[in-house]
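> Start from chain S and add chain A according to the hints.
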Amino acid sequence: MPGEAFGSPAGRLVVDVWSDVVCPFCYMGDTLLNQALEQFAHASGVEVRYHSFLLMPDVAEGAEPVNPSDYLAAKHGIPREQAAAMNDQVTERASRLGLEYHLDRAQTVSTRTPHQLSHFAAAHGKQREMIQRLFQAYFTEGLVLSDHEVLADLAAEVGLDREAALAALASGEFAGAVEADLDQARQYGINGVPFFVFGGRYAVSGAQPLELFRQALETSWNETVDAAPAGAGR
Amino acid sequence: MTSSNAPAPVEAPAERPHAADAANLPAGPFPQATQRAPFQLLSADGSFGVCDVDGVCD
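Here the protein sequences line up with chains S and A, keeping their order.
In terms of UniProt numbering, the first sequence opens at residue 1 and continues consecutively.
In terms of UniProt numbering, the second sequence opens at residue 1 and continues consecutively.
Don't read these hints as lab results, they were simulated from the structure.
Treat the hints with caution; some may be incorrect.
As the list claims (entries may be wrong) - Mimicking EDC-like on lysine to aspartate or glutamate, the simulated pairs with C-alpha atoms at most 20 Å apart in a straight line are: (1) K126/S with D153/S; (2) K126/S with D88/S; (3) K126/S with D52/A; (4) K75/S with D88/S; (5) K126/S with E38/S; (6) K75/S with D54/A; (7) K126/S with E163/S; (8) K126/S with D58/A; (9) K126/S with D161/S.
With the rest of the complex left out, here is chain S (with noise of 0.2 Å):
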């Protein structure tokens, strides 16, 4: 359920996961713990729900798209220059996970659509599906994730119905979700992405080495599922 969390049903594992579709350490962080799964013997009891989080709350909706590299000098008050060669850093970060930026081409613009468009995903039992996607579009593509049409479009891919998922955006159903995902991470203090909480115990802060995944994964497995008594809940 959006705004919250930790809710774990019985012989089930469920991660947490705050994070921002602009978010480049987000998208690191997300292969990360797809690749922990991939080696995890009971991936198949993991549920990984996603939470919404905005990098860039200052960009309004309905503002122009900028390029990141723009948005960071003129935020920071840094040359042009240095900002796009910080990004070249990240873009190269990103290659050694096998992940492709184009942040040269992208297109800034507020995330609070395509997070509707998140759980509005979730709603209909493909979030993790909609949220790769939305990655792709904004480091690889350079696509306008505030675009109501581009989203739909991009739902219809990940086997969702476009119509509704326009319905949904142009009616706002899921904007309450997303403010009780911004509240919920302000109540518990997380003021940087992607973070991610396993079993309601333990968090990892970043795109963390892969073997932390590994850890955190095996460790709430054993602490919230296997321990708990047959039947139960937490």
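Same frame as chain S, now just chain A:
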């Protein structure tokens, strides 16, 4: 949105276990990760990889 040497933005726990200790953590109750959150923050040496609300990624 990019990297810098800015300090990590997430509030530090009272005591951060080393990654190598994660698998050997005792059964609960656990130290609080922050003063407000009921979870323990795991960390590791080396890369950190967090983006904060200023758009800075470290």
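> State for each hint whether it applies.
Quick rundown of the hints versus the structure:
Of the supplied pair hints, the one linking K126/S and D153/S holds, its CA atoms being roughly 14 Å apart against a limit of 20 Å. Annotation: proposed proximity of K126/S to D88/S is violated, straight-line Cα distance about 32 Å (limit 20 Å). With a C-alpha separation of about 27 Å, the suggested pairing of K126/S with D52/A is violated against the 20 Å cut-off. With a CA separation close to 18 Å, the supplied pair K75/S and D88/S stays within the 20 Å bound.
Only pairs whose Cα atoms come within 20 Å are accepted, and K126/S paired with E38/S is accepted, the gap being roughly 18 Å. Distance hint between K75/S and D54/A is fulfilled; the C-alpha atoms sit about 8 Å from each other, no more than 20 Å. Restraint check: the Cα-Cα separation between K126/S and E163/S comes to about 16 Å, which is no more than 20 Å; the hinted pair holds. The straight-line distance between the Cα atoms of K126/S and D58/A is roughly 30 Å, outside the 20 Å bound, and the hint therefore fails.
Under the criterion of a C-alpha separation no larger than 20 Å, the hint pairing K126/S with D161/S is consistent with the structure, at around 11 Å.
Violated hints, listed in ascending order, are 2, 3 and 8; each of the other numbered hints is respected by the structure.
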